[in-house]
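Asker: Order-wise, the sequence lines are chains A and B.
Residue numbering for the first sequence follows our numbering, beginning at 1 and increasing consecutively.
Residue numbering for the second sequence follows our numbering, beginning at 1001 and increasing consecutively.
Since the hints were made in silico from the structure, they are not lab data.
There may be inaccurate statements among the hints.
Cβ-Cβ distance ranges computed for the label pairs, FRET-style [stated by the list, open to error]:
hint: 1; chain 1: A; residue 1: E274; chain 2: B; residue 2: E1227; range: 34 to 40 Å
hint: 2; chain 1: A; residue 1: G378; chain 2: B; residue 2: R1245; range: 54 to 60 Å
hint: 3; chain 1: A; residue 1: E374; chain 2: B; residue 2: E1080; range: 47 to 53 Å
hint: 4; chain 1: A; residue 1: P196; chain 2: B; residue 2: D1262; range: 30 to 36 Å
hint: 5; chain 1: B; residue 1: E1196; chain 2: A; residue 2: E274; range: 44 to 50 Å
All residues carry an ideal CB built from backbone N, CA and C; glycine is no exception.
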Amino acid sequence: MKIENFLEKHEIREITIFQKLVLSGGQVGYTEMVDHLDISKASLDKDLEAITFRFQSISSNVRIDYDGHMISLFMGHEFSLEQIYQHYLRQSIKVSIISYLYEHQEFTITQLAQKLTVSESSLFRKIKELNSYLKEFQIKIRNGRLQGEELQIRYFYYQFYWYIADKSALASRKNDDQVERMTQAMENFLQATLDPESKQRIGVWFHISKNRVNSRSKVYKTLHQQMEPYHEDPMYHKVRTMVLRFFSRYSIEVDEEEGMMHFIFLLAFPILSENDFHEYTLLRGRRTPTAALDTYIVETIIIQYNLRKLPYMLEREMYYFLSQIHTRMYFFKGDIEIYDYDAILAKEKKFTGKDLLSFAKQLRDISIGKLSIEETAGDTLLKMELLKYVSLLAIVTFQTATILQIGIDLKMESIYTKALNQLLVMNMQHINGTHIEKYNPKKDYDLILTNVPKGQKDHYGKAKVYVLSEILSPFDQKNIQEIIQNM
Amino acid sequence: MRVAIIGASFAGVAAALEVRKKFKQAEIILLEKQSKLGYIPNGLHLYLDKKIASLEEASFITEEQLQQQRIQIHLSSEVERVDVAQKQVSYQSPAGEDTLVYDKLIIATGSSQLSQKISGCDTTRVLKYKRFHEAEDALEKLNNSQQVTIIGGGQIGVEAADLLQKNGKQVTLIENMDYVLFKYFDKEMIEPLQAEMEKSGVTLHLNQTVSSVEETDETVVAHLLNESIVSDTAILAVNVRPDLRFLGDQIKLHTDHTIVVDRYLRTSEKDVFAVGDCIQLQFGVDKDTFYIPLINNAIRTGMVAAANLVEPILPFKGSLRTIGTSAFDYYIASTGMTEEESLFYTHPVSAVRQKIKLSSLPTAETATVKFIYDKESRVLLGAQLLSKANILDKINTLALAIQTNQTLEDLMQKDFFFHPVYTNLIETTNLVTWPDVRWGAYED
Chain A
1 MKIENFLEKH EIREITIFQK LVLSGGQVGY TEMVDHLDIS KASLDKDLEA
51 ITFRFQSISS NVRIDYDGHM ISLFMGHEFS LEQIYQHYLR QSIKVSIISY
101 LYEHQEFTIT QLAQKLTVSE SSLFRKIKEL NSYLKEFQIK IRNGRLQGEE
151 LQIRYFYYQF YWYIADKSAL ASRKNDDQVE RMTQAMENFL QATLDPESKQ
201 RIGVWFHISK NRVNSRSKVY KTLHQQMEPY HEDPMYHKVR TMVLRFFSRY
251 SIEVDEEEGM MHFIFLLAFP ILSENDFHEY TLLRGRRTPT AALDTYIVET
301 IIIQYNLRKL PYMLEREMYY FLSQIHTRMY FFKGDIEIYD YDAILAKEKK
351 FTGKDLLSFA KQLRDISIGK LSIEETAGDT LLKMELLKYV SLLAIVTFQT
401 ATILQIGIDL KMESIYTKAL NQLLVMNMQH INGTHIEKYN PKKDYDLILT
451 NVPKGQKDHY GKAKVYVLSE ILSPFDQKNI QEIIQNM
Chain B
1001 MRVAIIGASF AGVAAALEVR KKFKQAEIIL LEKQSKLGYI PNGLHLYLDK
1051 KIASLEEASF ITEEQLQQQR IQIHLSSEVE RVDVAQKQVS YQSPAGEDTL
1101 VYDKLIIATG SSQLSQKISG CDTTRVLKYK RFHEAEDALE KLNNSQQVTI
1151 IGGGQIGVEA ADLLQKNGKQ VTLIENMDYV LFKYFDKEMI EPLQAEMEKS
1201 GVTLHLNQTV SSVEETDETV VAHLLNESIV SDTAILAVNV RPDLRFLGDQ
1251 IKLHTDHTIV VDRYLRTSEK DVFAVGDCIQ LQFGVDKDTF YIPLINNAIR
1301 TGMVAAANLV EPILPFKGSL RTIGTSAFDY YIASTGMTEE ESLFYTHPVS
1351 AVRQKIKLSS LPTAETATVK FIYDKESRVL LGAQLLSKAN ILDKINTLAL
1401 AIQTNQTLED LMQKDFFFHP VYTNLIETTN LVTWPDVRWG AYED
């Protein structure tokens, strides 16, 4: 599902107005905006009015002005698009429904309709919509409860409170001291060091666990099967002991599965530091589905990149990220698309200059096969994990890239040569993985750029030669870029 | 003033006696669900240990003793509803439904062994014997059993294993942690007892959880993750829990369904108090409250609630979870925090162990003592004892030391009597640093 699934159509349009303004330097002509949104003038007027009303209380931080011709955005330096999104989400009825469900676990339609001051029929409609998005998480709101596998419910709530709802509200509502102590205890039991963000993540997870621990009729069917290969895992043992000991101090008969869910959480999200995770990999069993897959994927990447010697720290990093990707793929269903998939892909491509997507897809398909994942239509998780494979490949590309040595050898009057050399170097510096300089006959190069036709010069050794037709022409630049990409 | 007390086990009776002492004119009414008064929970152990000749003898109070104190007792009276607005208790007695109006109410309904997670554990071959009638039934079934499976390696489970094994039964004990008595002892402290347990023939299944129990015509089967254990009967020795459904949502409860009380044991409702196994108690030095269902806590909270009936004058001092027992030829006792549990504590904690002779005689027995203390302030936080000799009383000295914030150095020069027959150069609970007196490793 997407964040915007929590919003209404007109709210999404209002956010689009903000986005357009941010992308256009803060000002857009009225007609251009009408065209961009593909709506009537009356609708745009209505949207602008709605925005003014919605941001009235914080207009010193953010507001949109319209002078009859131009629409302009004012936004304080500490305010961002992200906060505008949050502002809309806080007022969303669908977010309120999930929050209410989280807090009360059960509701009747009358009760909830009164609380949210909406009609019962409109509440029914919203729940139906929500259920269509929750489907990929394999959970649903039914008979006034959230139903499905317990791990999936907690995972959904975690994503919801981490990305959608205000997590600070979650913390202040509950007994924060206890959660803080549990986090501290987790650090002690695992003998790990957690950074502030990891602690915040664990805090949100513990709030959810505490909220759910007593709920009725929890379902663990899939979890049992999935956890079977992990019963001997050393970290699972530590977590299990901690959980049993913790709950032995309360009048709670804790489920055996409680420890399993904490263990999965620790591996699926960036909680452990790369170093602590590495310590764990030295002890963990090699044959669990995720551990075996981590190794298989690392090897596949090594072969594809033809890496004879993988830098040690890079290998550790690869295992660290792959383990999170694979744990999520193995245990979870569904995700919330928080980053714009296409935009991230485009950015990766720009920086690496390579199309990593097809190989990433290949890796993801291997994983789907090895983990025997049943692909369901519209599972955002598989889409988002693909993006992570791409990012991981980008990291590998950066760290293993050999720097191409390019020499410029121009033959003309020295005053021109000097100026043009400088210009060429400046112009091509942005191409990653290259080092460009004036040709030095004592050095070896991978590519020589020259204006002297081939045959007249043959002392370039093994270097590839490109003869410039017209120095700094777009035609030459395009060709050079292509040569570099293929080298 | 009419004081109604729901539950006439230790907490309820202690509260009733204390109310009488403080308020001579008060009308005191005890409502008890059971038909028998004053049965000592797990009196069955006393019988199996041949300390009493019949279960009837396991009694801590009689109706006559209560009547002498002008305390009314209604047995077989189960409370069905409390109306805190009307100050009314509705209960079912042998005579039918009845209602009682109160000025002050003390909830002392206690707890019972129940499990919602182990499916099938309410079958007839799975024994519980906290109450008298349960014990009578259990005794008969145990007499006819040769193989007994005990679910839970806490104090009840370990004591039962010892007694049943001594009575010639073949005993299997299942514990979900990696050693028995984990709430009270650190692993290395209980190791000798656990070894003795196995040596005597008890089969231990550690790190194992019973998921379900199945009863057949002649046997009962406990299902673990990868195996099943068949026996004639099983004993459910899991943690106890209160059952407070009769309160509805009138009184504020914790997440673990115990009643929220303040330091004076007042609940969220005016004139309603809660004591014993119905509440959480402050444990040790942290402000945290935990569920510590022990008889000593039941009695002490009963007395404190009674003292605060009219005005809050006596705060409850909290619990150190002090226990002492004997099993498999060892005497063991514990108070306060364990080292393993200190991972939940916010400050750094250290521990030191000493093995010390109990007298100055050549035949002297030894005792192992473990002190757990705050690393910075060196204030004592917990202690554990293990010996072949009866040193149980000594844990009370250490509990008082914790309650009064004594440091290790204070313990070093704690005053004591010396007599060569009864003491070593230094008393057992004084921290010793001399290698000759202390046996075994000194870790500091």
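Asker: Please write out, lowest number first, the hints stated earlier that are contradicted by the structure.
Answerer: 2
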